[in-house]
Amino acid sequence: MMAKGKLLMALALLGGGAPVLVQAQGAQDWIEGVWQARGDGMLKPADGKPIPFRPEAAKAWNAQKPAFMAGDPKVDFSRRCKPPGEPRLMSDPKTPFAVIVTKPRVMFAYQWNRLVRMIEMEEPREVIGPVYFGQNAGHWEDETLVVDVQALHPNTGLDRTGLPHGEKARLTERFRSLGPKQMEAVITINDPETYSAPWTAKVVFDRQPGLTVKEDICLDRENLAGKLKQ
Amino acid sequence: MSARWRSHRRAGLCACVVAVGLWAMPAMAQVGAATLDDIVDAPPQFKEALSGGKIKPQALELTRQNIQGAPPSKDPRDLNGMYNFLRAPGGAPRAPGGAPPGGGAPSGGYAAGRAVPGGPPPRAAPGGLASPRVSNVGAGACVINTFAGLTSYSTTILINARQVLFLMEENHLLRWATFADKHDPAAKPSFTGDSIARWDGDTLVIDTTQVATRGKPGTDHYVERVTKQADGNVAIERFRDTDGQLTPVEKVTLRWRPDLHYVEDICEDFGEAFGIGYQ
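Protein chains in written order, with my numbering: chain A, -4 to 225; chain B, 248 to 526.
Rather than coming from a laboratory, the hints here were simulated on the basis of the structure. Given the structure is predicted, the values throughout are model-derived calculations rather than measurements. Heads up, a few of these hints could be off.
Unchecked claim - Every beta carbon over 10 Å from chain A, so not counted as near; a handful from chain B, in silico:
#1 Leu421
#2 Lys429
#3 Glu484
#4 Phe486
#5 Pro495
Said to hold, decoys possible - Heads up, simulated EDC-like pairs for lysine to aspartate or glutamate below, C-alpha to C-alpha not over 20 Å straight-line:
#6 B/Lys435 x A/Asp211
#7 A/Lys69 x A/Glu217
#8 B/Lys498 x B/Asp478
#9 A/Lys98 x B/Asp490
We put the beta carbon where it would ideally sit given N, CA and C, even for glycine.
Please put together the full structure from these sequences, using the hints given.
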């Protein structure tokens, strides 16, 4: 990808192309487009070993997991149209999302209830408290997008099983191209309150050419808007 | 503390400092003709501090200087940044229930703690866009009401050579336009419609079809002309397109706010507190 980007840039410059063309063909623009995850939406250690739960965290997760996976709105707040959080939402194989790259920001725009995840690329931001998508600080390492995530909302799970996280959880995500049609996210979860050691999961995404992210209004979809009070 | 509060806390504190300072300086405390409606993006404390229905011109100017510390990009096509909206004098037509077009909160809506605008139950629109059970409308109900038109409290614009996005922080409303010659022939009616963009000189022209309105049959077609101003603000003129005839709808100015950054704002969280959504 780097070679292609440089070649396009050189061609544009030699041909007197407009700067906007050079910008559009940047080496990091491979990530632009619509993506959808493969798999079952569950995070698993990439090394094949068991998730290094702390005992109390494993106990709580096992107790809650059946209700969470059954969509009980008392434990899975996404059934109340609250954001599912990350990396759960992006690894959901039923939810496409688009990635948009600008210099100051990279944005993941999800179809699910038109949610967005903003990755600030230029300067670290003040951590203002837990938010559903966490505080996302990104940078590029060549063509790999590296995102540092912290301050995740306590009402979210890391995946569709309700995989838990603590207040001090910190995720490092590395997004890299696997070719024109695929992308990989390597997610390292560092959460000493919940896990006895950092562990890493991988999620593979397929590019969805021709697919657009459609308008979605969860409260309408779930018919929860019908409960509005006059 | 709400996400909205947090997002504008710093600006609010600065505005309060300015306001208190002006109160303490009688020579500067001249009351101008501007009214509260002239500042739709001021934090409520600021408005309350300057109560009496008048805003001091000095306070306006000092606040403007305070919040616009960094110079804007000189590229007239670089619209990237964060903005607050400021309506042109006269405001805009009101949708059923009191919400402005786009479903954003009216001036002083959410920010002033007056959420959940009331209104008559809307009729179901063809195509199943409106639920017959819906009994409230607009951003106060955490659903999109009508054309998502740059009417929210804080707006982030992301633009590159392929697309432009308007992300309204309130109710996480996303408008999306691709640089293309033709609309998607498969596009279906939606509240945000199907948008394509092009440049007319340094004016961004956004053409949006298939715009549905909750409770109103049929769809609308809008054309918007978006121009960056020298001070970094962005002027938007919106027209309704009826068989090629353009009728002005409203003018909106997005005030450039380099001091702010996007903060997650989940309407559904507010909604539950106000009895909306899951109970």
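Tested hints:
no., hint, result
1, Leu421, "violated, 5 Å"
2, Lys429, "holds, 14 Å"
3, Glu484, "holds, 24 Å"
4, Phe486, "holds, 22 Å"
5, Pro495, "holds, 26 Å"
6, B/Lys435 x A/Asp211, "holds, 12 Å"
7, A/Lys69 x A/Glu217, "holds, 15 Å"
8, B/Lys498 x B/Asp478, "holds, 17 Å"
9, A/Lys98 x B/Asp490, "violated, 39 Å"
Comparing the model with each earlier hint shows violations of hints 1, 9; every other hint is respected.
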